[in-house]
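The task is to assemble the complex, starting from two chains supplied on their own in separate frames and drawing on the hints.
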Amino acid sequence: MTFGTDNIWTMVYNAIFLLVIIIFSLYGQKLQSLFWLQSIKNAVEELKSMTLKARDLLVEKIKEIGKPKKDPKAAVNSFLEFFTVTPVDLDPAGVIQRLEHVLDVRKNRWEEQVKQMAPEANEVYAANIENALEAALGLHQIFKTVRHYYILGKKSKSLMVIMQIQMQLSLIMQQAKAVENALNAFIEGKPIGDSVGPLVVTKLVQNYGSEGNPVKKIEDYTKEINLYELNIEGRNAFIIRAKGPGATVGKPGEAIKKLLNEKKNISRLFMVDAGLKLEGEKTGAVIEGVGAVIGGFGVEKYKIEEAAGVKNKLPMDGYVIKESIEDAYGPMKKEIADGADKAVKLLIQGIKERTLENDNIIIAGIGNCCGIGD
Amino acid sequence: MSEEKNVKLSSRILKALGLFLMIVFVIIMYIGFISNPMDLNLIILGMSGLFISVLLQSLAAKGVVKPEFVMISEIKCSSPKCDFHKFRLFKEGDYVYKKFGVCEKCSTGKMLIQNIIQMNEKEFKKIISNPK
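Residue numbers (our numbering), protein chains in the order written: chain L, 1 to 374; chain Z, 1 to 132.
Just so you know, these hints were derived from the structure itself, not from any lab. Idealized CB from N, CA, C, for every residue including glycine. There may be inaccurate statements among the hints.
[As the list claims (entries may be wrong)] Now the in silico label distances, taken between C-beta atoms and shown as ranges:
{"id": "1", "chain 1": "Z", "residue 1": "R88", "chain 2": "L", "residue 2": "I348", "range": "26 to 34 angstroms"}
{"id": "2", "chain 1": "L", "residue 1": "G280", "chain 2": "Z", "residue 2": "E92", "range": "33 to 41 angstroms"}
{"id": "3", "chain 1": "Z", "residue 1": "F87", "chain 2": "L", "residue 2": "N42", "range": "37 to 45 angstroms"}
{"id": "4", "chain 1": "Z", "residue 1": "V64", "chain 2": "L", "residue 2": "P315", "range": "45 to 53 angstroms"}
{"id": "5", "chain 1": "L", "residue 1": "S49", "chain 2": "Z", "residue 2": "R88", "range": "42 to 50 angstroms"}
{"id": "6", "chain 1": "Z", "residue 1": "K62", "chain 2": "L", "residue 2": "K154", "range": "36 to 44 angstroms"}
{"id": "7", "chain 1": "Z", "residue 1": "F87", "chain 2": "L", "residue 2": "V105", "range": "38 to 46 angstroms"}
{"id": "8", "chain 1": "L", "residue 1": "A74", "chain 2": "Z", "residue 2": "A16", "range": "29 to 37 angstroms"}
{"id": "9", "chain 1": "L", "residue 1": "N42", "chain 2": "Z", "residue 2": "I52", "range": "21 to 29 angstroms"}
{"id": "10", "chain 1": "Z", "residue 1": "F87", "chain 2": "L", "residue 2": "D71", "range": "34 to 42 angstroms"}
{"id": "11", "chain 1": "L", "residue 1": "V12", "chain 2": "Z", "residue 2": "F33", "range": "19 to 27 angstroms"}
{"id": "12", "chain 1": "L", "residue 1": "K216", "chain 2": "Z", "residue 2": "V102", "range": "37 to 45 angstroms"}
{"id": "13", "chain 1": "L", "residue 1": "L159", "chain 2": "Z", "residue 2": "F87", "range": "52 to 60 angstroms"}
{"id": "14", "chain 1": "L", "residue 1": "K345", "chain 2": "Z", "residue 2": "V64", "range": "34 to 42 angstroms"}
[Unchecked claim] With a Cα cut of at most 27 angstroms, we get these calculated DSS-like pairs of lysine-lysine:
{"id": "15", "chain 1": "Z", "residue 1": "K99", "chain 2": "L", "residue 2": "K223"}
{"id": "16", "chain 1": "Z", "residue 1": "K125", "chain 2": "L", "residue 2": "K177"}
{"id": "17", "chain 1": "L", "residue 1": "K342", "chain 2": "L", "residue 2": "K216"}
Extracted from the complex, chain Z is given alone in its bound form (with noise of 0.2 angstroms):
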């Protein structure tokens, strides 16, 4: 799918210390295998360090947030003369081509659900707060 994640900002600073901290102690681990003589101390602290590194990026993969997704019914009016035109949330007993009541704008033709799609609650939210 080509949604993009949303990650949590406390999960992006885990994932960018897991990272550094990764860094560091693969130079820790190399300094201590270049010594000489080898360098346990070292080599055994980077190895741990790694450990940990990892542990904290395992850890910042947990914090996306699942975007929250709300079914919506597109209401229009049957009439071609009015341009009446509304999102609302989807209601059981709902379905795509339903006629019921009268238009609220013109009152002559009836309101038709032309479309009933899932969508992002925020941009729902943006379409409901800024109609066209």
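Extracted from the complex, chain L is given alone in its bound form (with noise of 0.2 angstroms):
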């Protein structure tokens, strides 16, 4: 080697190599771990921006729209902040029906919450502006999550802390930008991804009824949710979806209990949703499968499978239509909405297949109503 050279370059290209060696083996984890501090704190700020960006909007949409007497800016930031506490589940008889009360009380809160800022919003602004709302506190929430990670790792300089909170960054930013996207889209009205279920029955409804063939509506059939009957392919179909074109999803699983109770011979139950897909999976593919297509806490999917599935021995045909997080929060992609048109062909496919002429059907389109009319 030609470490004994008169070659200046080379003396100092040896010693920047040996002190470049020195360093990392001494101080690499050290290094690594402020670059790690680093794309943390980067994070940290995107999300406060985005907060606030958030916030704003809404403040702004809510004095827009709900003509408060005063700045709502105030009671937004403490509803930030707003918690639920979910019942105890070490005695897990009854936790369905604890849950939904808790829910329910939830529910209620965020309502009269809304009314007290947004006096003047009508139904629809009312519920869109409560699922803004939502969206902020979801997006304030991953950012005070993420912030109390890069303190906690920088306070103990603790590497496995760090490093657990900078790999799943990614996958974090990913989720806040579909949050903030669903806020956007809540604020506007427009129909998100995860509106697709609502959108299939729709179609359903606008395709089949006419002057001939009339849809009887009855309106909040339960809470905020909506129910057509009409004839589909000589069926006797009740559709339930919530109502729009607000942003609501309503209680289908109440729905279809009552409905059940109501109508006795009924004998098969359709569900359409939206689905996340997997990476690598195409956007707008539609899926067929058993069983309660229903996301959320658990409540409503726990109320069909009693009344469909347990009490009344109903078999449950479920539609898919896939997606990703970003999608399904986000504004409503062309492959999504022909993915809708895809799930009404298959549906009705279905529906002659498995039923005969004069059945008895429920067809539930689960999800967000925001930008659905009827």
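Next comes the structure, spelled out in structure tokens:
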């Protein structure tokens, strides 16, 4: 080797080379954690700006639509810290009922809060503001969690803490972007990817409803749920979806349970919902299966399984339109809207194949009805 | 997502340059290693070059152009006899199956929002310039 050289540049190179090796072998881990901390800090800054932007946007919308007497900023700020304590599950008996009660109380509280903040907002805008507020809260929670781990990592200098959050950062940011998109969609009343379930059943109502085949509509069949009764391919179909075009989800499980109690001779239940796709799967692809196709906390799913499955032994068919989490929260993409048309065709095919003429069937379009009228 | 990434030309050139330099400097480093005695100058030069080429490639990765999306409302006439069909930018207050005004073509049916979808701006411009 040429360590013992007279060439000054070679000596400089050698010195730098040795220095780099020494620095990296002694402080490599520390340097790595510094780099990671910096990337977490950048994410915290970005999340902070997203949260503030979302809050300001929401406040402006509340002022514009709700015409409040006092500035809603303070109320929005305090509501961003809102929490919900889920029931204890050490004794699982009755946990669903207890959870439903907590969720009902939460929902009522949110509605009251929106009414106070935006007294002039109509039903549709109030629902949109309520959902936007929930999205803002979600964004705020993500920001607070990442900031917590950033400060904890900095304080404790624990590589484990820093590494854990840094390695999940891209997924966390992806989720935050999705929530931000949802907030923007709710504020403007745009249909989101999750609205595809109600869109499919509405397409059915629109395609089959006519003067010769009138649609019997019951508004608010259960809270925030509409029921449509019409003839589809010779079957008597009861169609359930949330009340649009405001951002409502309703309680489809409650509506199905009520319908099954009222109509004793239902022969099949069809459900349509948006479902999360795996990477590599095509957005807007429609897949079929069995079971209660519904997300959320599980309360509505339980009701459907109990009422349709256990009590009535009803066959349950599910149709899922595949989309990513970003697509589900974000404005509806063309591929998803095309998926709705495919789902309508499959649904009609399923009805023809698995039910008989004059059968009573239930078709439920599950999801947020933001931007979907009827 | 299956969307094709739109990368700036300058970034493509930078990436290719980074890749080319990487190959060159790996060869230089290799020559340094196989020289007898081992040529530390070439090895260090190769390493420094590798560092620069990796830097160039990471700079090139920042040149991905995010597509611009617009929200559009697809409007049809509510009358089954009329084939009126147009796309326009989404306006606040629009919702799917909203009926409004009178059809621009037949003047008998109502305008009906058939779909509200997010579309690539380029695709939208193409549709607007060449409606079916």
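How the hints compare with the structure:
Range check, Z/R88 to L/I348: about 30 angstroms between beta-carbon atoms, so the 26 to 34 angstroms window is met. The hint said 33 to 41 angstroms for the Cβ distance between L/G280 and Z/E92, and at roughly 36 angstroms that hint holds. Our hint of 37 to 45 angstroms for Z/F87 and L/N42 holds, since their Cβ atoms are close to 39 angstroms apart. Remark: the range hint 45 to 53 angstroms for Z/V64 to L/P315 is upheld by a beta-carbon distance near 47 angstroms.
Taking 42 to 50 angstroms as the suggested C-beta distance range, the pair L/S49 and Z/R88 does not conform, at roughly 32 angstroms. Distance hint for Z/K62 and L/K154: a CB-CB separation of about 27 angstroms, inconsistent with the stated range 36 to 44 angstroms. Evaluation of the 38 to 46 angstroms hint for Z/F87 and L/V105 yields a pass: the beta carbon distance comes to about 44 angstroms. The hinted window of 29 to 37 angstroms between L/A74 and Z/A16 is violated, with their beta carbons roughly 55 angstroms apart.
L/N42 and Z/I52 have their C-beta atoms about 24 angstroms apart, which keeps the hinted 21 to 29 angstroms range intact. Range check, Z/F87 to L/D71: about 39 angstroms between beta-carbon atoms, so the 34 to 42 angstroms window is met. Taking 19 to 27 angstroms as the suggested C-beta distance range, the pair L/V12 and Z/F33 conforms, at roughly 21 angstroms. Against the hinted window of 37 to 45 angstroms, the Cβ-Cβ separation of L/K216 and Z/V102 comes to about 28 angstroms, which falls outside the hint.
Taken as a hint, the range 52 to 60 angstroms holds for the pair L/L159 and Z/F87, whose Cβ atoms sit roughly 53 angstroms apart. L/K345 and Z/V64 have their C-beta atoms about 36 angstroms apart, which keeps the hinted 34 to 42 angstroms range intact. Between Z/K99 and L/K223 the CA atoms are separated by roughly 25 angstroms; this keeps the pair inside 27 angstroms, and the hint holds. Taking the CA atoms of Z/K125 and L/K177, the gap is near 26 angstroms; set against the 27 angstroms cutoff, the hint holds.
Straight-line distance between C-alpha atoms of L/K342 and L/K216 comes to about 25 angstroms, which keeps the hinted pair within the 27 angstroms bound.
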